[in-house]
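Trainee: Take a look at the letters that make up each chain.
Protein chains: 2
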Amino acid sequence: MNIAIIGVGLIGGSAALDLKKSPLFDKIYGVDENPKHQEKAKELGLVDDIIPLDEALEKAKIILLSIPVDAILKLAPYILDRIEDHVVIEMGSTKTKILESIADHPKRGRYLAAHPMAGTEYSGPKAAVTDLFKDKVMVYVEAFKTDEDAFEIGEKIINTLGMHSIFMNAKEHDMHTAYVSHISHLTSFALALTVLEKEMSQGRIFELAGSGFESTVRLAKSSPDMWTPIFEQNRENVLEVLKEHIQQLQNMHDNIENKDFNRLHKMIKKSNRIKRIIK
Amino acid sequence: MNIAIIGVGLIGGSAALDLKKSPLFDKIYGVDENPKHQEKAKELGLVDDIIPLDEALEKAKIILLSIPVDAILKLAPYILDRIEDHVVIEMGSTKTKILESIADHPKRGRYLAAHPMAGTEYSGPKAAVTDLFKDKVMVYVEAFKTDEDAFEIGEKIINTLGMHSIFMNAKEHDMHTAYVSHISHLTSFALALTVLEKEMSQGRIFELAGSGFESTVRLAKSSPDMWTPIFEQNRENVLEVLKEHIQQLQNMHDNIENKDFNRLHKMIKKSNRIKRIIK
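So the protein lines, in turn, are chains A and B.
Residues 1448 to 1726 in my numbering are what the first sequence spells out, letter by letter.
Residues 1448 to 1726 in my numbering are what the second sequence spells out, letter by letter.
Hints may contain errors.
The list treats identical chains as interchangeable, and a pair is accepted whether it falls inside one copy or across any two copies.
[Stated by the list, open to error] Pairs of lysine-lysine, DSBU-like flavour, derived with a Cα cap of 30 angstroms:
1) K1716 with K1690
2) K1726 with K1668
3) K1468 with K1717
4) K1583 with K1544
5) K1668 with K1713
Think of the hints as simulated: they come from the structure by calculation, not from any bench.
Start from the sequences and build out the full structure, keeping to the hints where you can.
Mentor: Here you go:
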């Protein structure tokens, strides 16, 4: 059995590295429209060969879709139109719009929507690392719409990556990820912009940047090509959480402005409850 | 020569651990008003003995002041009133108000204001770790006001901790730290509150919390007793940077609301310039 990985970047490339070490597949093909990524993926030995998409659909029965969500929206129906008993495992970060777009497709049963809660702030083939997925959570979305045999093959691959699995519907998934992933990125982007603006006039700021700063801005290195379409497709949820986050910051601002440090202390103490969740 | 560490928490306790391994001091005394911290510091062997402050000023010539900045504001003049040729090394996170309060003190020359750009989100004696300061930056603030012999002793200790040193005036220091440290904490506190509020109604959110989320909220575990006085003492700078940060988030919100994803893409791309600074 062969697998074709569409998009040999952080997610696809890392999956390739892990799958190469397993006996699951005879050949691992890569598909990537970016010539630089094609070259890099070959140079790094992530895949056995880089081939065009249509050839990949002929040579491989398992298709891993690991490209930005706007590209998934375009490519998912195109791929479903061209397959027989293939299994398409799609790893995008949003689900509602993507799954709506293929809801009535006759090949819907061959499609497994999954979102690995794993990643780094880097992108492209050179960002690929082994064990990226190990012990992380894979969210299966609307898995009940996937044919049983297709799901089983998907699970075998996801188990090979070392992941735990949970199940959600698309709306639940998109709301939850807005809170625990998308907002973190928006905050980091905004924080980086805030500090970069100041740095232009005050060059010494970064002499002081310690690990706390690094921790809160590291996500601001993330790719705009990957993230803009996520915010576009998850617009309503992202707006809701962004509004709440701005309100919390505004409350902190107002307490500091009004010198109500008792109330500020209470807010900080309340936020400490995050210890329950983040060890 | 003996040293007394006032406040045997994350900073004081970690310094104690490193200094114990050096031949600089005969005895390391700890002073802490919290009985639980006294016990824990002894149990962990951070210091040779826990003694009252006045006794410490008699037994030790070197005083390390590593307590919350509101406590420094109260204790710094008290200590300067009671010393002769001691050296007081103060490690608070704000400087303007503290240094103003002792500006005209006859013993000002014995006081070295220093801010280690090192820390974790944990506090108290159990948060103490070796090598916390290694290869980190120590900011000396208004060091020109410190007597030469006192500064030299301070530098010897800071070198023993493995730190690089830079020099700033108090206003510069407080503005810079607002940008690279204080705002990161406010953002984390606000983000934790945003997500915790939602979690109360949607318990499954945290099944999805990945490393990106953890990275941006980990600072929300930080102590309110330490941080509230920092925001109080650095109020003007913190308000300025908080206003800018809220504005950046509002711009992102507006671009998403208005579906201006080109502009959002540009903002994210611009924020990527943080790569220049954070490796």
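Trainee: Next step is simple, just say for each hint if it's right about the structure.
Mentor: Verification of the hints:
1. K1716 with K1690: So K1716 and K1690 pass the 30 angstroms test inside a copy (22 angstroms) and across (22 angstroms) alike.
2. K1726 with K1668: Both, since 25 angstroms and 10 angstroms are each at most 30 angstroms.
3. K1468 with K1717: neither (46 angstroms within a copy, 38 angstroms between copies)
4. K1583 with K1544: within (25 angstroms within a copy, 47 angstroms between copies)
5. K1668 with K1713: between (33 angstroms within a copy, 13 angstroms between copies)
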